[in-house]
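Engineer: Okay, here's what each chain looks like letter by letter:
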Amino acid sequence: MLIRVTDAPLDPSEAIAAVASPAAGAIDVFLGVVRNENLGRTVDHLVYEAYPSMAEREMEAIAREACARFGVIDCAILHRTGRLAIGETSLVAAVSSGHRAEAFAACRWIVDELKRRVPIWKKEVWSDGEEWIEGPEALERPAPAPPR
Amino acid sequence: MLIRVTDAPLDPSEAIAAVASPAAGAIDVFLGVVRNENLGRTVDHLVYEAYPSMAEREMEAIAREACARFGVIDCAILHRTGRLAIGETSLVAAVSSGHRAEAFAACRWIVDELKRRVPIWKKEVWSDGEEWIEGPEALERPAPAPPR
Amino acid sequence: MTVLLFAGVAERVGARRLAVEVAPGDRVRDVRDRLVAAHPQLEPFLPTLRYALDEEYADEDTPVPAGATLALIPPVSGG
Amino acid sequence: MTVLLFAGVAERVGARRLAVEVAPGDRVRDVRDRLVAAHPQLEPFLPTLRYALDEEYADEDTPVPAGATLALIPPVSGG
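Just so you know, the sequences run in chain order A, B, C and D. Take the position in the first sequence, starting the count at 1, then add 9; the result is the number in our numbering. Take the position in the second sequence, starting the count at 1, then add 9; the result is the number in our numbering. Take the position in the third sequence, starting the count at 1, then add 2; the result is the number in our numbering. Take the position in the fourth sequence, starting the count at 1, then add 2; the result is the number in our numbering.
In short, the hints are calculated from the structure, not lab data. As the structure is a computational prediction, the values presented were derived from the model and not from experiment. Be aware that a few hints might be false.
In silico EDC-like pairs for lysine to aspartate or glutamate, Cα to Cα no more than 16 Å straight-line [said to hold, decoys possible]:
id	chain 1	residue 1	chain 2	residue 2
1	B	Lys-132	C	Glu-13
2	A	Lys-132	D	Glu-13
3	B	Lys-132	B	Glu-97
4	A	Lys-132	A	Glu-97
Let the hints inform the model, and build the full structure from the sequences given.
Structural biologist: Here it is, written out as structure tokens:
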């Protein structure tokens, strides 16, 4: 069970290797990536801040719960902190399982759960300002309709 | 849209790089992996055979349909052929999208669809025999209960 | 025309490629029936066999164009 | 006790770490109220603030052990 909060770039291959198992028929890997736009605003870069020790503790609890709840083989969760440019990877979650249904379900659940309770915060920086994003739903709301 | 049937080892990083986009906030990557057991039998290795030109054609059609149906940004589908040992990767499917829900849904759909219609066949080889697996469901049925 | 065989079908027939005579107006099923007459080992595969003409799935009813390639597609198991 | 501040809360207060006096029998809310009295900039964060004692989420009612570390956790936005 690979769990890490780090300011170094994340390598999905490391997460895949960490969950590999002779009993695994399926591995699902999710990457959270810095996109150039949110809620209709052009993003210049993001800054992630964590409470690292508690974040790793929560991530480990989530990984253990995912293994038990979905009957999967192994999980890895990596989260990056610091300044991230557009296109860089902020999150890697990987799940190995016998068959694909559990791998997809567990990986999705891990990401949802991480956004709900792992103490990590994102600041969006635009050309003309910045803002700490409060709560996961701020990111998942659809962009507002363009003005008529 | 990276589409490939090949007898060379698959690299998930290549698929991730292929679907990367400044507009992507989420990338989901699925790996099909050779497991050591199927339907209660111990697997020694697998042999994948393809009708390569038609397989790539169907994979490209699936990728295009996934982009349209789920509104995702880009898809990559790689499938390996030839002899594969336990733990090796037979399939990589990667999807990039603005948000995670579509990435997970499209990636899952691509794998289901590939197993339904891409002309690729798997032979299981055990210590004492071998068999061409017919149809995707042969793999997804639960293992039979152990004898009492 | 050229007929391509794969996986268990190819192993059973002992060939990966066959040449079959085609008459004008022939449909997929006519070619298939001629194949089965020449290679009765194909019989057990028929209930689940699909067909592709020039790399696209085709019905038994599809007319066979001159020079086309027919592929016999047993249930696929990639992934 | 030590209180840790993060993200918007830390920026608003201008500190990432505060020292607060704790009396025996204090609960999280007592420490919180003392913090708000000393740093009224915390007020707007209160409706959505969560708390962690020694790296575990805690209620406002949780008693504060001697020597514990309290963290003020604004709504998280990782991923």
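Engineer: Given the proposed pairing of Lys-132/B with Glu-97/B, does the C-alpha separation stay at or below 16 Å?
Structural biologist: At roughly 15 Å apart (the allowed maximum being 16 Å), Glu-97/B and Lys-132/B satisfy the hint.
Engineer: Are the Cα atoms of Lys-132/B and Glu-13/C separated by 16 Å or less?
Structural biologist: At roughly 11 Å apart (the allowed maximum being 16 Å), Glu-13/C and Lys-132/B satisfy the hint.
Engineer: Does Glu-97/A sit within 16 Å of Lys-132/A, going by the straight-line distance between their CA atoms?
Structural biologist: holds, 15 Å
Engineer: Take a quick look at whether Lys-132/A and Glu-13/D sit within 16 Å of each other, Cα to Cα.
Structural biologist: Holds, at about 11 Å.
In terms of the numbered hints stated before, the structure departs from none.
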